[in-house]
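Got chain A; can you put chain B on it based on the hints?
Protein chains: 2
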Amino acid sequence: MKEKQQNILIIGAGLCGSLLALRLAQRGFNVSVYEKRPDLRKVDISAGRSINLAFSNRGIKAMKLVGLENKVKALCIPMNGRMIHDTKGNTFLSNYSGREHEYINSISRGDLNALLLDEAEQHENVNIHFNKKCLSVDFEKTTALFKDYTSKSEFIEDADLIIGTDGAGSVLRKSYYLGKKFLFSFSQNYLSHGYKELSILPKGDGSFRIHKNALHIWPRGSFMLIALPNLDGSFTVTLFLSYADGKYNFNNLDTDKKVLEFFQKEFPDALAQMPNLLEDFNNNPTSPLGTVKCSPWHFKGNTLLMGDAAHAIVPFYGQGMNASFEDVVEFDQILDLKLDNWEETLKAYETKRKKDTDAIADLAIDNYFEMRDHVANPIFQEKRKLEMALEKEFPLEYSSKYSLVTFNENLSYSEAMLKGRAQDKAILNMLSDGNISLNENLKTVLEKIKEETQNILEEDTIAKLR
Amino acid sequence: MKEKQQNILIIGAGLCGSLLALRLAQRGFNVSVYEKRPDLRKVDISAGRSINLAFSNRGIKAMKLVGLENKVKALCIPMNGRMIHDTKGNTFLSNYSGREHEYINSISRGDLNALLLDEAEQHENVNIHFNKKCLSVDFEKTTALFKDYTSKSEFIEDADLIIGTDGAGSVLRKSYYLGKKFLFSFSQNYLSHGYKELSILPKGDGSFRIHKNALHIWPRGSFMLIALPNLDGSFTVTLFLSYADGKYNFNNLDTDKKVLEFFQKEFPDALAQMPNLLEDFNNNPTSPLGTVKCSPWHFKGNTLLMGDAAHAIVPFYGQGMNASFEDVVEFDQILDLKLDNWEETLKAYETKRKKDTDAIADLAIDNYFEMRDHVANPIFQEKRKLEMALEKEFPLEYSSKYSLVTFNENLSYSEAMLKGRAQDKAILNMLSDGNISLNENLKTVLEKIKEETQNILEEDTIAKLR
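Residue numbers (full-length UniProt numbering), protein chains in the order written: chain A, 1 to 466; chain B, 1 to 466.
Please note that a few of the clues may not be correct.
[To be verified] Distance ranges between label pairs, derived from CB positions: (1) B:Gln264 with A:Ser287: 55 to 63 Å; (2) A:Thr351 with B:Phe155: 44 to 52 Å; (3) A:Asn282 with B:Tyr177: 27 to 35 Å; (4) A:Asp460 with B:Gln5: 52 to 60 Å.
These are computed hints drawn from the structure, not numbers from a lab. Beta carbons: idealized from backbone N, C-alpha and C, even for Gly.
Okay, chain A solo, but in the shape it has when bound (with noise of 0.2 Å):
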């Protein structure tokens, strides 16, 4: 197999499109990208759903593999931890690491697109088209139909390669359910939560309002709040919330004066700088929160999902861009791999990434828990201290589970899962029956915990009989 012989065929160009392009361009393929929506750098297509994103380490590595480490940077806003906020508007900010050099960043998810689409044009072997939809794919024929949103015609094109990174509403993953010519493993599971974007606008000044280098959550129990900056001064508020149960859901808040009494009485310090919430509540849609798996992602040597297409997850590890900007590190490297055709590559990228993608989307569901509930929780909170002080006092030794996923882009998700899982179990057990504290030597708090860990991965592993 040539690779620069190789047309390769990628529907949509959203960040995962657009990087893989530009990587594979990299690597010398001709690639033709069809994308539905207009081209972002021209026309303003946010409307009110994930205008900024968490960044970190996975997705930097991305951005060393294509040479854009530096031209990112200048795009991103660091957070170094979790700043709660509490009913009467205390606040406390809670580290991500113990480490300084380990924190996430916001960043705009149309400055970032644009960059990447910017950088693939570059290459004459790349070709991009918008306001192009796909309507279904043959992945028999490795043809796939499109609409022309400009001309109407419709017309198809081919190529030695389809993959589809079209994003959690995959019409190439739609082609596959649909055809019913292999065995199709697939969910899509939602939360009986959804979202809705909100604003708090930048100073007269320009300034934040709020402290800008921090994620911002007012968890609530069953409902919370985040904000997270954007470089104009401006931060992007979300509120997740259940559209049917309990006091306040998206299906009741039908009325400004439900809204304010609801924000008055959960977010009071919120409401005090959103002047413009009613505007932004009325205007914004409520989205729902989903997670999509599926197996296979490839069918034979013909056609491939990525990103979101394949593994749709809910934002709650701030992990979605990562995880798809991870898949193209991986996919790179099996391509290095030389094997002897389309087929047997797709295959060894499946086997290689789908139990890390799994591990991503359960994490995440894993924190969507631990954002609403338990960072309220003195236990939990607890753990949180003791594992900054390990971290600052053994930086080398000591990960806590979000390190492990969010800050090790060299150990997989399933890895980081695993261990992580095992982690948090020894230490709220231990910190729970009294036999560690943060009164304690921390040397002997920390191998109390490593030894815990390891008994409790050991007993798993026995009580699998594998």
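Same frame as chain A, but now just chain B:
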């Protein structure tokens, strides 16, 4: 809501649909049942798929509810344990329980379905229509579109409530999925293995060729053969094998020579009883093994999914039919609550039931690995011996996970899973660490297991911060 004035339309007259029709008729509802296939009492439609089934306490509880306990007994062949066959033809019997009255039964799907149809039809408020295929359900209007296979015409029926008991490929469920009128969580997950039904015919005198009262297993790690007895002296044999992986698989067993070589090498004692192997192998289909979960099961108060349509599971716990029958028992209990309307009734039913059908789906996957791999594992065998001894010595104090799931019809599947998994983990770990053994005082062993099980449950609870 006056039950007697309500018209209920049931889609599918399989095991769940016909039991449901019978029970709802007994309660006084007007019941219409539409079945796509011909009447199985007049035409043989088994076609090599699930000819017989494992029938146990939860199913029997449903038979008691409708007054058929004695009639169904005549159709049952007790199976006291698993008869394990090694590659040399050696066998050993591993009982399902240390209590003599606890065993499972082999029963003919066709005979049981015929009994239920006969009984349902004796009620004048039941009408069963065969050869009428449901094409789609309008769940907003509570109407269903049918095609009459005899007249080839299409017609629409309406009802106060439509219940889809139309199996794993449910048309009602498909209408939910394709309708996109509400957030529908859905998963279909296939195992890498499929199955094919074969047979061991009776001896010339009509007697059984291998031990009658057992579920026979030939476990071979990544594949296995099982056999369940039939009343006519035959056994229905099922081969579970990967489609594509391993030296032998369904894709590459494509000549008679290879099939014979495979059986000669792996199942020589079974092959000796199967002169008809090649005929069966070539004539019977290879079918996939899948798990289906979804939610919600109901749309408002209009429609409801039950049985396999709501929760298809793999067959490895012998609980598929039992779970569907238990659905009817649970639904009946919810009807006893006399809630105000169908919407409340259906919601209460799903809230109570869903966690249990999720649990048996997961337990069935556990058992897939247990039957294939673990039954031949020394530490697993030691565990089973210990559990048999405990159940025999302390019949009121100890029940294995298998017993909790299979023989404790008043314990929910979810509770059985939680306790059973913790208990398995406790025993396997203590055996592995040498903390308990078969030579020890049994009472001491029992106490240690109880204590360790309790520890595991508590530690898991703390780790979940709930």
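What hints, given by number in increasing order, does this structure fail? Violated hints: none; all satisfied.
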